[in-house]
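Residue numbers (the numbering used here), protein chains in the order written: chain P, 29 to 425; chain H, 29 to 425.
It is worth saying that the hints were derived from the structure and are not from the lab.
Hints may be right or wrong, so weigh each one.
In silico EDC-like links for lysine to aspartate or glutamate, alpha-carbon gap of 16 Å or less [stated by the list, open to error]: (1) H/K380 - H/E180; (2) P/K334 - H/E333; (3) H/K32 - H/D99; (4) H/K421 - H/D57; (5) H/K339 - P/E100; (6) P/K142 - P/E180; (7) H/K334 - P/E333; (8) P/K54 - P/E333; (9) P/K32 - P/D57; (10) H/K247 - P/E180; (11) P/K339 - H/E333; (12) H/K211 - H/E195; (13) P/K211 - P/E195; (14) P/K54 - P/D91; (15) H/K421 - H/E94; (16) P/K211 - P/E145; (17) H/K421 - H/D231; (18) P/K247 - H/E180.
2 protein chains.
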Amino acid sequence: MKEKLKIGLVGLGGRGLGLLEIVILKMKDIEVVAVCDLYEDRCERAAEAIEKSGGRRPMVTRDYKELLHADEVEAIVICTSWSDHIDLAIAAMENGKYVACEVGGAFSMRECWKLVEAYERTGIPCMMLENCCYGRDELMLLNMVKMGYLGEIVHCSGGYQHDLRYEIAYGEENRHYRLNQYKHRNCDNYPTHQLGPIARILDINRGNRMVSLVSVASKSAGLQDYIRNEKKDDKLADFKFMQGDIVTTIIKCARGETITLTLDTTLPRYYSRGFVVRGTKGMFMEDNQSLFIDDLHRPYETKWEKQWGNKESFTEKFDHPIWKSYLAEGVKEGHSGMDWLVLKDFFDSARKRTQTPIDVYDMAAWMSITTLSEDSVAMGGQPVAIPDFTNGKWIGR
Amino acid sequence: MKEKLKIGLVGLGGRGLGLLEIVILKMKDIEVVAVCDLYEDRCERAAEAIEKSGGRRPMVTRDYKELLHADEVEAIVICTSWSDHIDLAIAAMENGKYVACEVGGAFSMRECWKLVEAYERTGIPCMMLENCCYGRDELMLLNMVKMGYLGEIVHCSGGYQHDLRYEIAYGEENRHYRLNQYKHRNCDNYPTHQLGPIARILDINRGNRMVSLVSVASKSAGLQDYIRNEKKDDKLADFKFMQGDIVTTIIKCARGETITLTLDTTLPRYYSRGFVVRGTKGMFMEDNQSLFIDDLHRPYETKWEKQWGNKESFTEKFDHPIWKSYLAEGVKEGHSGMDWLVLKDFFDSARKRTQTPIDVYDMAAWMSITTLSEDSVAMGGQPVAIPDFTNGKWIGR
Chain P
29 MKEKLKIGLV GLGGRGLGLL EIVILKMKDI EVVAVCDLYE DRCERAAEAI EKSGGRRPMV
89 TRDYKELLHA DEVEAIVICT SWSDHIDLAI AAMENGKYVA CEVGGAFSMR ECWKLVEAYE
149 RTGIPCMMLE NCCYGRDELM LLNMVKMGYL GEIVHCSGGY QHDLRYEIAY GEENRHYRLN
209 QYKHRNCDNY PTHQLGPIAR ILDINRGNRM VSLVSVASKS AGLQDYIRNE KKDDKLADFK
269 FMQGDIVTTI IKCARGETIT LTLDTTLPRY YSRGFVVRGT KGMFMEDNQS LFIDDLHRPY
329 ETKWEKQWGN KESFTEKFDH PIWKSYLAEG VKEGHSGMDW LVLKDFFDSA RKRTQTPIDV
389 YDMAAWMSIT TLSEDSVAMG GQPVAIPDFT NGKWIGR
Chain H
29 MKEKLKIGLV GLGGRGLGLL EIVILKMKDI EVVAVCDLYE DRCERAAEAI EKSGGRRPMV
89 TRDYKELLHA DEVEAIVICT SWSDHIDLAI AAMENGKYVA CEVGGAFSMR ECWKLVEAYE
149 RTGIPCMMLE NCCYGRDELM LLNMVKMGYL GEIVHCSGGY QHDLRYEIAY GEENRHYRLN
209 QYKHRNCDNY PTHQLGPIAR ILDINRGNRM VSLVSVASKS AGLQDYIRNE KKDDKLADFK
269 FMQGDIVTTI IKCARGETIT LTLDTTLPRY YSRGFVVRGT KGMFMEDNQS LFIDDLHRPY
329 ETKWEKQWGN KESFTEKFDH PIWKSYLAEG VKEGHSGMDW LVLKDFFDSA RKRTQTPIDV
389 YDMAAWMSIT TLSEDSVAMG GQPVAIPDFT NGKWIGR
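Throw the hints in and build the complete structure from the sequences for me.
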């Protein structure tokens, strides 16, 4: 195993710089040798951060191709706006670079297939950086499920439930891409944060697969109402946003489970991924941090409020090994450790030249939910088929 | 106003006898003059309860027509099994009797239309006894919404989330009807408990209407697993139940709101109607008894756990007048008072010969969700149209 993995970073907005400064520069076995962004000031800030942390000055470029052609770069991390994720990931694979890509949704089925085919052509792994797959709750539930503690799993729910009104309307970073999504599209534009962990619980692409979905959007009222209250004469005050406030998607799986996903980003609320796992022996609910276990709890005997927060009593027994060792080492930065863990897993795979734990089939399947939900919403909730990106290999994987 | 309203009670199983003994016999202005059930022992128990409470012995019959022909009976209350609700309600209207009917779902669209047309032909009001419309939380939220406190309402969720595994499989009462539903059908078989309160919040049939739905069912695993654990050699141990454990339905409304309904009755869980109301200014969530209000709470400043149960701090200001006066009088029996309140409203309408607060159009629309969800589930989540039972009158009502 080599001493330091040499990586390139493409996209240095809030997320890219954040990952660099908060997580990557603290990893002793990573060297950032190239950074790329269309904006020079961002490149400069990244280069300075690297030098300040004791590293040598990286290659700085506005042209991602230059970065991809640099022999020295072994792996790249993509933190650009959503619409460039897949093109950049494909280009990275074609240049033989291990590639990790920040989360987002797809714009067409065609680009999802192109992503898969680039992997199959090149053999270079591609991992979506779905940090929520490394959340402590999510990993504990994965662990419980694999131990059979919740019985046969029947249904999971979750969503991206995050009041982003300010960021969408006024966030400097997002002016250039998120706002446009809300202006013009109507879909679950950010499905992977809870779909990722659920897909792992339900063995998606590894013995199970998602077969169809329906998606229905509410009206769009939250963003306009917010803008009018914040700034009456804002040029957006009369803009009719196409994005519905709440988009509900129901996915059916080959083994018969259902997954309910919610996009909920333009109404007032507290942050929650609304994670729910339901099995024949028990349930978990994020919104009151509780487990209900068939043998331990009785629906008529227990006052539910007494169980709020009872999750804590299960962590000692059921925390995932990843989190147990992580806690033993001391929690590091980045969304309560999730960013550290997801990047660590990617870098470990790149260093060992092994397959990544989240692979290109997962990335294509998870991202496809956005464009498929867009189709279903447009057709009034029509069910649409979710393709098998593995072409049958999910049965034996 | 007459001294005592004379009523007949049809269906004396657990629910009918319960309402009689716990609620109706305690109402000083109601006289139960006739009781009807196919089982004589049930009739006898009801008659005895009436006599024991100081009333005169009622007419006792196994033939509901006899009860409907009795001149003395002014109103009837139907507590039979689901499949008889609509036929009995129609017969009651045709015999000039005010009719209240316990909750349930429809089996076909045709019977929903027949119900509406019986009302339009006879002019006799018909009310569904949706007690959850009188829940304290539900009425407080209705009050808040009508005061504009939550802004423009965009989305509501709710469901019938009640672990009924024992009752379905072994409940003596239910052997005769609920079990058969789970054996043979796959739909939201009990949609009205949370749809009723949500429909009132969203002005359904009074300025708004439900226009379409999609419904997707998970596999069926909970009931069989339960039976095998309880009694390995049960004759049902190998029965393949058609009813999915979790049925998720998304309803779209004319004004653009979405409603998500969940049927969840065959997996371990605590009881919850999972009531959620979402507006441009705030949200309510039953599962942690909390409100999040745009001006009061900040998603990044407030640790959500601190808000659990904060609903209590809103009751003084926002409790519905119905509940304020009810609490002042002292809470009576029957599902925390809901049964008392719903029956009181029905009996008051019958006594005054006025329209009932929940009317035949509400009953038809709410019950239709069962058969429409059955259609949608059968067609893989296909969207189906929800008819306008008011034939256009919803706009002006």
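Status of each hint after checking the structure:
no.	hint	verdict
1	H/K380 - H/E180	violated (35 Å)
2	P/K334 - H/E333	holds (13 Å)
3	H/K32 - H/D99	holds (15 Å)
4	H/K421 - H/D57	violated (35 Å)
5	H/K339 - P/E100	violated (59 Å)
6	P/K142 - P/E180	violated (35 Å)
7	H/K334 - P/E333	holds (13 Å)
8	P/K54 - P/E333	violated (41 Å)
9	P/K32 - P/D57	holds (5 Å)
10	H/K247 - P/E180	holds (11 Å)
11	P/K339 - H/E333	holds (13 Å)
12	H/K211 - H/E195	holds (14 Å)
13	P/K211 - P/E195	holds (14 Å)
14	P/K54 - P/D91	violated (26 Å)
15	H/K421 - H/E94	violated (35 Å)
16	P/K211 - P/E145	violated (32 Å)
17	H/K421 - H/D231	holds (13 Å)
18	P/K247 - H/E180	holds (11 Å)
The structure does not agree with the numbered hints 1, 4, 5, 6, 8, 14, 15, 16 stated previously, though it agrees with the rest.
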